[in-house]
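Engineer: Please build the complete structure, drawing on both the sequences and the hints.
Those protein sequences? They're chains Z, A and C, same order as listed. Residue 1 is where the first sequence starts when you use the working numbering, and the numbers rise one by one after that. Residue 1 is where the second sequence starts when you use the working numbering, and the numbers rise one by one after that. Residue 1 is where the third sequence starts when you use the working numbering, and the numbers rise one by one after that.
These are computed hints drawn from the structure, not numbers from a lab. Note that the coordinates shown come from a computational prediction; the quantities given were computed from them, not determined experimentally. Mixed in with the good hints, there may be bad ones.
[Unchecked claim] What the simulated footprint calls covered on chain C by chain A, stretch by stretch (three residues with Cβ under 8 Å from a Cβ of chain A suffice, anywhere in the stretch; the number is not a length):
| # | segment |
| --- | --- |
| 1 | 220-229 |
| 2 | 233-239 |
| 3 | 243-254 |
[Stated by the list, open to error] Restraint ranges, calculated between C-beta atoms of paired labels, are given here:
| # | chain 1 | residue 1 | chain 2 | residue 2 | range |
| --- | --- | --- | --- | --- | --- |
| 4 | A | 275 | C | 119 | 52 to 62 Å |
| 5 | A | 141 | C | 53 | 28 to 38 Å |
| 6 | A | 231 | C | 160 | 12 to 22 Å |
| 7 | A | 222 | C | 242 | 30 to 40 Å |
| 8 | Z | 13 | C | 53 | 47 to 57 Å |
| 9 | Z | 13 | C | 101 | 22 to 32 Å |
| 10 | C | 94 | Z | 151 | 17 to 27 Å |
| 11 | Z | 149 | C | 216 | 52 to 62 Å |
| 12 | Z | 149 | C | 105 | 18 to 28 Å |
| 13 | C | 242 | A | 271 | 13 to 23 Å |
The C-beta atom is built at its ideal place from N, Cα and C for all residues, glycine as well.
Chain by chain, the residues run as shown.
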Amino acid sequence: MRGAVLPISMVPGNSVVHKIAPLPKLLWAVGVLIISFSTRNPAILGAMIVLGLFLASISNIWSSFLKVMGILFPIMVIAIFLQSIAPAFPQPWTPIAQLGPFTIYQEGIYSGLTLFERTFSMTIFAMVFIMTTHPSDLFVSLEKIGMPYVINFILTVTLQLIPILQREFATVLSAQKSRGMKGTGFGAVLPSMVPVFVGAIERVQQMSISLESRAFGSTGKKTSYRNVVMGVKDYVIMVVGLLASAVTLYWIIVDKSLDWSRTMHFSPTLSVILVITAALIFVTFIVISVSKIIKT
Amino acid sequence: MEEVLITCDNLSHVYSGGVVAVKEVNLKIKRGELIGVIGQNGSGKTTLVKHFNGLLKPTYGKVIIKGEETTNKRVQELSRSVGYVFQNPNHQLFAKTVTAELEFGPRNLGLSEEEVHERVEKAIEFFNLDTYRNQHPYRISFPLRKLVGMASIYTMRPDVFILDEPTTGQDNITTRIVYQLIRRLRDEGSTVICVAHDMILLAEVVERMIVMRDSVLIADTDPKTVFSDRKLMSSTHLYPPQITELSHRLKDKNFINTYALSIDEMQKVTDQQLQVKRSK
Amino acid sequence: MQNINLKIYEGEYVAILGLNGAGKTTLQLCLNGVIPNMIMGELTGDVFIKGLNTRDYPTRELAKIVGMVFDNPEFQLTQTSVAEEVALGLENLGTSPHDMEEIIGEVLQTVGLSGLKDRSPFELSGGQQQRLAIASALAMHPEIFVMDEPTSNVDPVGKEEIIAVAAKLNQEKHMTVILAEHEVEVVAQYADHVIVIDKGKIILDGTPQQVFNQIDVLAKCGLRTPQVTEFFNQINQSKKLGIKELPIKIDEAESLMLNQFEKK
Chain Z
1 MRGAVLPISM VPGNSVVHKI APLPKLLWAV GVLIISFSTR NPAILGAMIV LGLFLASISN
61 IWSSFLKVMG ILFPIMVIAI FLQSIAPAFP QPWTPIAQLG PFTIYQEGIY SGLTLFERTF
121 SMTIFAMVFI MTTHPSDLFV SLEKIGMPYV INFILTVTLQ LIPILQREFA TVLSAQKSRG
181 MKGTGFGAVL PSMVPVFVGA IERVQQMSIS LESRAFGSTG KKTSYRNVVM GVKDYVIMVV
241 GLLASAVTLY WIIVDKSLDW SRTMHFSPTL SVILVITAAL IFVTFIVISV SKIIKT
Chain A
1 MEEVLITCDN LSHVYSGGVV AVKEVNLKIK RGELIGVIGQ NGSGKTTLVK HFNGLLKPTY
61 GKVIIKGEET TNKRVQELSR SVGYVFQNPN HQLFAKTVTA ELEFGPRNLG LSEEEVHERV
121 EKAIEFFNLD TYRNQHPYRI SFPLRKLVGM ASIYTMRPDV FILDEPTTGQ DNITTRIVYQ
181 LIRRLRDEGS TVICVAHDMI LLAEVVERMI VMRDSVLIAD TDPKTVFSDR KLMSSTHLYP
241 PQITELSHRL KDKNFINTYA LSIDEMQKVT DQQLQVKRSK
Chain C
1 MQNINLKIYE GEYVAILGLN GAGKTTLQLC LNGVIPNMIM GELTGDVFIK GLNTRDYPTR
61 ELAKIVGMVF DNPEFQLTQT SVAEEVALGL ENLGTSPHDM EEIIGEVLQT VGLSGLKDRS
121 PFELSGGQQQ RLAIASALAM HPEIFVMDEP TSNVDPVGKE EIIAVAAKLN QEKHMTVILA
181 EHEVEVVAQY ADHVIVIDKG KIILDGTPQQ VFNQIDVLAK CGLRTPQVTE FFNQINQSKK
241 LGIKELPIKI DEAESLMLNQ FEKK
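Structural biologist: This is how it looks when you write it as structure tokens:
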């Protein structure tokens, strides 16, 4: 279970990207999301990937970024392998190579590559956003544009509770292993989950009394300690983001020549190499992960 | 000469991230010992003790349990020899009744139903849990839950019991009960290792104290020696029991010439060395 | 709880003693309205805080007069930084951000956490966490501070820190402190009013001197007295010293020893 949760959280820092307010960054991430889903053009997707990687590099979040990518990348890569032999694409399919029992199709390579680029670009921007934004700042900004205080609070507490409950779960597992419990199988589920749940309930009970004792739930105006001030720079970035997204979307919708699905050609050798590499990366990842899980 | 059950051979543990939690600890623990492991948070005492049942493995050096190195052994295997009672019983309890909870350990060891039943009965008798057999573990009071936690390890009959803060958060009555239980466990032949901050437990119950400070083992001796050493105590933020502190003050003034670890000892010291003032 | 009649005066340092389950927490929860407003059950009789009947005010209102901390430090913390945790109550009261900054600085200093404003509460030690919980309640400037076994899940160093803060609140800030505690030596040292609860009833109510001299009553309900008191009780009887009031603090015990005995 240990490697199962991704180390995604804010990475403290002072970069240009860190200094941008949460809302503009959120807007860009959402823009990228929408565009990725609106097109399969490898060049547009590729451009967003390059942009994302550039932002990641200037934010000084490389080591955390690479750690997360180390887990997500192999999973995304398998799309290439799967798609190339069974494209999620309308017929007709053009076979270009044979790999044992599998036939690799032209449209498959295209589909796999673009699917990969799509998820990769979204993930990069999501990571950059999460790793350069303090959650409290984000919630305060959302509150300013109308999100209710209670939701803000619930989100903050939930965010805190996730690592805590993970830790509790690990402690419970240790305790039960110390009683001879085998770590896998159905027999391991109940003895591991019940204590965590009970602990969570007790925690929330005491928390709610503690909160009420600090006037939580008062009606009337609430102020906020944390304040996010949007500067001119932030507004400019927001507007640029909006415009860029709008323009790109328009272009995608209007320009039919962006559909390269039938026009791109891949050489057979390149295709085979691509597919084999993708499969290898994925299998290595699975083997390493499984051996880690077995060890614990 | 009692059998050596646990050996730490130049044991060091470094957490990922580079934090050295335990540095070059050497010690031997024999059958039948009653030991208190103390130190501040961050001193390495919990890290050290977690090596005794395999929850942690050495980064450098070796830990040997009953003749075998722990490095390639799983916690489940070592739990036959070394039982670990966690500080918060809630981390263990999940069954519908106290009895079911006590059956969990021995069942995991693969024992026959008769054997399991026999051990559970013995545990219920030892810990005086008869009234609570069929109760839901979460419906009984916290002090009792802690006893159930101990009992559920007792049914596994390990050679060594590790008790993590057995009296923390307990009231006076349950604390006294735990002291008695610890002594009885030892009398039955078990080795008991308590990680604790309870000064009275350390002064009156345990027979050997292992003191950790900043990842290093700075003392491994009997309680009397530790509680006589003011410098040692203050360097590791140990506050002696009130009666011991009183004996320190009187000894400093040359009024008496020994330290007292308990009220009874203080009484003896008074009887032996002092007399009531005639001029009153 | 049964038939509780109690008066607590301004500026007192009250300690509540009793076994687990005796009713200490129940009593304390009545003091800020959690009972009867938040917890199910039946409350007969009334509790008045500064003249206000707790039935008529929700806890969040009474929170401005009565601050409260509980036995598990971590369970009380919810925010991503120390400063935000302290600001929680202030945000709910609509305090201006400028005033908040000042108050936060002030209370963090009182509890000794000044340099840790931006730290995550979950990276702090148990003692620090509890002091943070105290600071957070303190930010609302209550006059009465209730603490339910605040040191029970904390290491010795943390214990000392928390007890020192409680003493500070009472002596320097002149707050009324009400503390439920197991360590009788601490109670004897700091409290000026001790209440003993057994099976839901108050069986002793007086000064620490009065209460701790009732050794038999305390023993009957499973409670102990400070070690020096117990010791002097023994030698008072065995040596027929005729001491009327047993010492409850170590300084008293020391001088009494030097006074009553000489070397053989």
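Engineer: Holds or violated: 28 to 38 Å for the Cβ distance of residue 141 of chain A and residue 53 of chain C?
Structural biologist: Given a distance of about 32 Å, which is inside 28 to 38 Å, the answer is holds.
Engineer: Can you tell me if the segment 220-229 of chain C counts as covered by chain A, using C-beta to C-beta distances under 8 Å and a minimum of three residues?
Structural biologist: holds (count 6)
Engineer: Between residue 13 of chain Z and residue 101 of chain C, does the C-beta distance stay in 22 to 32 Å?
Structural biologist: With a Cβ separation near 24 Å, residue 13 of chain Z and residue 101 of chain C satisfy 22 to 32 Å, so the hint holds.
Engineer: If you check the beta carbons of residue 149 of chain Z and residue 216 of chain C, does the distance land in 52 to 62 Å?
Structural biologist: This hint holds: roughly 56 Å between Cβ atoms.
Engineer: State, for the Cβ atoms of residue 242 of chain C and residue 271 of chain A, whether the hinted interval 13 to 23 Å holds or is violated.
Structural biologist: At roughly 18 Å between Cβ atoms, residue 271 of chain A and residue 242 of chain C fall inside 13 to 23 Å, so the hint holds.
Engineer: Holds or violated: the 18 to 28 Å window for the beta-carbon distance between residue 149 of chain Z and residue 105 of chain C?
Structural biologist: Holds, since residue 149 of chain Z and residue 105 of chain C (Cβ atoms, about 25 Å apart) stay within the stated range.
Engineer: Are residue 13 of chain Z and residue 53 of chain C spaced within 47 to 57 Å by their CB atoms?
Structural biologist: Given range 47 to 57 Å: holds, Cβ gap about 53 Å.
Engineer: For the segment 243-254 of chain C, count the residues whose Cβ lies under 8 Å from any Cβ of chain A; is that count three or more?
Structural biologist: holds (count 3)
Engineer: That 17 to 27 Å hint for residue 94 of chain C and residue 151 of chain Z (C-beta), does it hold up?
Structural biologist: The hint (17 to 27 Å, Cβ to Cβ) holds, given that residue 94 of chain C and residue 151 of chain Z are roughly 19 Å apart.
Engineer: Range hint 30 to 40 Å: satisfied by the CB atoms of residue 222 of chain A and residue 242 of chain C?
Structural biologist: At roughly 38 Å between Cβ atoms, residue 242 of chain C and residue 222 of chain A fall inside 30 to 40 Å, so the hint holds.
Engineer: Between residue 231 of chain A and residue 160 of chain C, does the beta-carbon spacing fit 12 to 22 Å?
Structural biologist: holds, 19 Å
Engineer: The segment 233-239 of chain C covered by chain A? Criterion: 3 or more residues, Cβ-Cβ distance below 8 Å.
Structural biologist: It holds, with 4 qualifying residues against the three required.
Figure legend: structure checked against the earlier numbered hints; every hint is met.
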